[in-house]
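The residues making up each chain are set out below.
There are 6 protein chains.
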Amino acid sequence: MENPWKIAQQQFDRSAEILGLEEWLKLKLREPRRVIIVSVPVKMDDGTLKVFTGYRSQHNTARGPAKGGIRYHQDVTLDEVKALSMWMTWKCAVLNLPYGGGKGGIRCNPKTMSTGEIERLTRRYTSEIFDIIGPDKDIPAPDVNTDGQVMAWIMDTYSVLSGRNVPGVVTGKPLDLGGSEGRDAATGRGVYYTLLNYFRHKKQSINGKTVIIQGFGNAGRYAAMLLENIGLKIVGVSD
Amino acid sequence: MENPWKIAQQQFDRSAEILGLEEWLKLKLREPRRVIIVSVPVKMDDGTLKVFTGYRSQHNTARGPAKGGIRYHQDVTLDEVKALSMWMTWKCAVLNLPYGGGKGGIRCNPKTMSTGEIERLTRRYTSEIFDIIGPDKDIPAPDVNTDGQVMAWIMDTYSVLSGRNVPGVVTGKPLDLGGSEGRDAATGRGVYYTLLNYFRHKKQSINGKTVIIQGFGNAGRYAAMLLENIGLKIVGVSD
Amino acid sequence: MENPWKIAQQQFDRSAEILGLEEWLKLKLREPRRVIIVSVPVKMDDGTLKVFTGYRSQHNTARGPAKGGIRYHQDVTLDEVKALSMWMTWKCAVLNLPYGGGKGGIRCNPKTMSTGEIERLTRRYTSEIFDIIGPDKDIPAPDVNTDGQVMAWIMDTYSVLSGRNVPGVVTGKPLDLGGSEGRDAATGRGVYYTLLNYFRHKKQSINGKTVIIQGFGNAGRYAAMLLENIGLKIVGVSD
Amino acid sequence: MENPWKIAQQQFDRSAEILGLEEWLKLKLREPRRVIIVSVPVKMDDGTLKVFTGYRSQHNTARGPAKGGIRYHQDVTLDEVKALSMWMTWKCAVLNLPYGGGKGGIRCNPKTMSTGEIERLTRRYTSEIFDIIGPDKDIPAPDVNTDGQVMAWIMDTYSVLSGRNVPGVVTGKPLDLGGSEGRDAATGRGVYYTLLNYFRHKKQSINGKTVIIQGFGNAGRYAAMLLENIGLKIVGVSD
Amino acid sequence: MENPWKIAQQQFDRSAEILGLEEWLKLKLREPRRVIIVSVPVKMDDGTLKVFTGYRSQHNTARGPAKGGIRYHQDVTLDEVKALSMWMTWKCAVLNLPYGGGKGGIRCNPKTMSTGEIERLTRRYTSEIFDIIGPDKDIPAPDVNTDGQVMAWIMDTYSVLSGRNVPGVVTGKPLDLGGSEGRDAATGRGVYYTLLNYFRHKKQSINGKTVIIQGFGNAGRYAAMLLENIGLKIVGVSD
Amino acid sequence: MENPWKIAQQQFDRSAEILGLEEWLKLKLREPRRVIIVSVPVKMDDGTLKVFTGYRSQHNTARGPAKGGIRYHQDVTLDEVKALSMWMTWKCAVLNLPYGGGKGGIRCNPKTMSTGEIERLTRRYTSEIFDIIGPDKDIPAPDVNTDGQVMAWIMDTYSVLSGRNVPGVVTGKPLDLGGSEGRDAATGRGVYYTLLNYFRHKKQSINGKTVIIQGFGNAGRYAAMLLENIGLKIVGVSD
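Chains as they are written, first to last, in the working numbering: chain X, 96 to 334; chain B, 96 to 334; chain U, 96 to 334; chain F, 96 to 334; chain V, 96 to 334; chain P, 96 to 334.
Source of the hints: derived by calculation from the structure; they are not laboratory data.
Hints are supplied without guarantee of correctness; some may be wrong.
Treat identical chains as interchangeable: a pair holds within one or across any two.
Straight line, CA to CA, 25 angstroms or less: simulated SDA-like cross-link-like pairs of lysine to any residue [as the list claims (entries may be wrong)]: (1) Lys-304 x Val-146; (2) Lys-121 x Trp-248; (3) Lys-138 x Ala-247; (4) Lys-145 x Arg-158.
Please construct the entire structure, taking both the sequences and the accompanying hints into account.
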């Protein structure tokens, strides 16, 4: 597999040329503004200590605070996180959201860890990157292998360290702690609207189309429900 | 040349074995606590923009704020900075100073840059690492190609960003801004005391010894003066 | 009269048993998280000094900042304030508001004090509890013998101590300072909606019912007006 | 031309008498709460240094943070800025906005300065008044010879000095940085609504009226468009 | 045993009368300025949760930050802590130290707890009283059943919550973390100087006196050593 | 009397020419960096409100925090305060102290005011200039008609607003609050050393000289005592 950071930079170079970006702007956008690498010592349930490596990349904050997920995976690398943070800059800008691009990750295998170990990992990682995140600086979100529970731990650790309740430091929190409704279905809903807009743009009717869904997780499931609601027929599903 | 970080870790592993360090302590001390990599855009005198890469590594802060120089050199790498920050931890601990180990650097060739360019580079780099340095967090100092003038720029930028005068954020400041007297001669004085202690330890008299000095910069010059003051004869000098 | 804190804990114990709450949760919810007792010296209009005792109890903040009134009464006790703060936790949770439970009070008889004395009492009390209140920590409100004017003094003192305008530190402010419309009638409106929902739930029509109102203060007055508006007949009022 | 501050105070005295304001209130409202005068050194494009004088007056903050523009003009004086800040207090209060009155200015001729010089002037001025402005203290806006670009520089400088994104420190930002839509046309729209209300109040029909517009800048242009939209005839325009 | 707070107030009343203290001063000094009571939940080694009660009393801060120990004992009460904090005010004032009086405690039996349990208890208690302590507000120290290790945990927790190294938040730290030399022997040295001064005052020679020491802990041991050093004969010791 | 600011600038221009100061340096040093003018409303003992005008000028802070007194006098003007702050810059620099130059004042006649009125005046003035003073920004001291008591009020107000004890915000405090010993006699001691150095420089003996002292306040009294101590004869004194 090719290096994701190399891919991201090549994509950027091609786009920059097409857009005729000025030289100084190319130089500034080709590199992340700030990357932090932290050691995260965790006491495992068996009493031993393990030290994990965590990352947070802030690619660009010109349009607002950095925004982007935190993933827990044994193959996370600095270059992957850098690439993903660059892509977040573009995504937020394309949708005209007042956010820049960020992304983080911890090199670990959460499938082999207990809930207690993941909590201690999350809290210590949050404490180490505390100085550079915050509602007006950089706002994490769930990503591969992280969910509302992990966000709740980040929010709580950040709040304790701040000495006040700071729900705005993460998105994707549980609803009870101030999370947004509709977030679970959001990706599937995006598929749905994309299809609708595609056919509107093509000036074709969507009525009578049949649908095959590849992947039936968070995204596919909700897309299927929404498409069925407007009368389309789901003729196949795989997972 | 071998990778300095590999060297530093090998030295540590050997020492840890000799000391019989506990496993968890080895794991914590083998990696820097926190490393930051920043992009430093600088407007050059010819109107173009260059983006430099800057580093700051905080190896350990268990005994106090991180402490260590910032170097400007075209060959600076992340691994070099990490190794130097680990060595700073040991140096401070051996002398029982209430400091941990840090080190920073910017990948640039200051010999080819104007004073204005170096000032802008320094101020922007300081602004980018502002969140993680400070008198109670991490205190930079002069190193390869950086001097009191660079420290004055760091101190001023840090003070402006803090909204108050913060001379304690760097050591190695000019005397007029609160720098310590004797700092210029300190390394040479160290050579001098080391020699004195060596002969005291060997129970030999130092009287009548002759001295050859290799390198006549900041260190050699002051060592020569001090050794001559107690009656030794400098019989050779090279630079 | 029975000790209110004993009552509150007994209520909790019974509910916890019915709910089958886990042991650790019972232990955490049985006690207020934090209680502060302060001495409030006030220069009286006759030139003498009196020292009043003030309280603030934060029962629980797991769901958000503590929320609850501040009362001025000669019989206020620590146990009363603790009980009321626990009840605030339940009230906010039942309505799914993102707040925890708090309550405060000062042992004094405001009926015998001048406006100037009450202002000085309020400002000094605010200054003493400043460290533990705030829009993201604990938000006071009017209660027995305190009103919008007292909230304005708290807001002003808190803002001066914070060096910026902080209207969010209290609710129940005067409208001119950012208070919410409709607050005066809110309790009466609650009575009205409760009645409506009661009959809806009973599947009975409310038309033709007659109403007797016991107490014609802030609550009764507005309830009467609202119930009359939908055609009910107020046949009796007492105060 | 008469001194604007004398005019403002005379207007106030007359109004205060008509309103029968209490003496202590008159005394407090007759003077600005706080005025700051700063020296703003700027490196000009030709390498020389010029020192400009900047002002910021906060007339009153009892109803909320001070609010008011910053103007760049060679004739700006302390008394002009004080008068304008007093008028801002009345304007915000009359519209029942939760703001007090502020105004600032720099004595300079921006018509003779390059963009780079104006940027450096703006950033340094912002840095000097940083301590007394902010979203909860005093919020600048565009005024004579200052626009969205100048606000963007203020916002960026303030954000860098705060260590976080603070878009709320100014209004009148570019839309891309969080500015409000409709602000450009707002003054013209005000003229339009004033006229409409005037005739409604006089119980006259506006239909068939003809319009002459004196001044065709930001205000006049939009007023003309809006008045024409409802069928009025613009019979004359001057600039 | 009599209530210590009653004793302390009676002592004060008597002294105040002898000193002829003004009425307002008596009133202010008769009560602690601020007392905080916190719940401290701790996960015990057996997996269960226990909730301990912690106190911190700040009797007076007119002469500087509050100063006083933190004790861990199963009999600690609010009144005991209040009394001890009042006595700290007098002790600091008598020695003309720029400190006020404080004291804290946790109701627990540390003899039956593991090191891990005591660490978790200490860290959580510190976190709960964080808002009201600090090098310029209130500075804890070791007391009954607390030592340098406990102070190190407080210092570390406070530093993490502050985001910087704050050794000044406690005294009685381990020497390696910046503690003061001589603190262990300080109480015994006090006994020694008191005796010396006693005989100097009585104009008697101390030579040839014999010494009996009751209690041979931290105080008695060092007193014995120092008195023997000047030639006195220790004729009896009990423990 | 000539305008003091005009005098100060003329002195500076002459010195700058003699020193051959560069043009940009002259421009920066000819004007105070920052001046603040505040309205200080005070409730007088007779129940009426008076509004006083207060000033604080920070001439230069390049060498450290601004330093300089605060005077209370009915003739204080902005220009006087500006001039005095410039002179403080030179005084601190000549003695190589790490401070810049500041000065403040309030236009009032303290001889006609009660202690309570002066306290309220001082506290409100401190609150208004709070944002721009502090131990690392600008440090007031006693001056004409202000003394240790006024400094104590400033220190207390500043500490309350900071939420912690900040004795370093003023010099010239009462000894009990951390003031420096010897401050009262400092000016007289300066006269004494100046005389000694004058005769040493002239290579004349001081023995046998007679002394006439004009003015027998804080300065003259201590000078007289010190000069008499070394055997000189005071032959005349006036006040």
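Exercise. Which numbered hints turn out to be false for this structure?
Worked result: Per hint list: single violation, 1.
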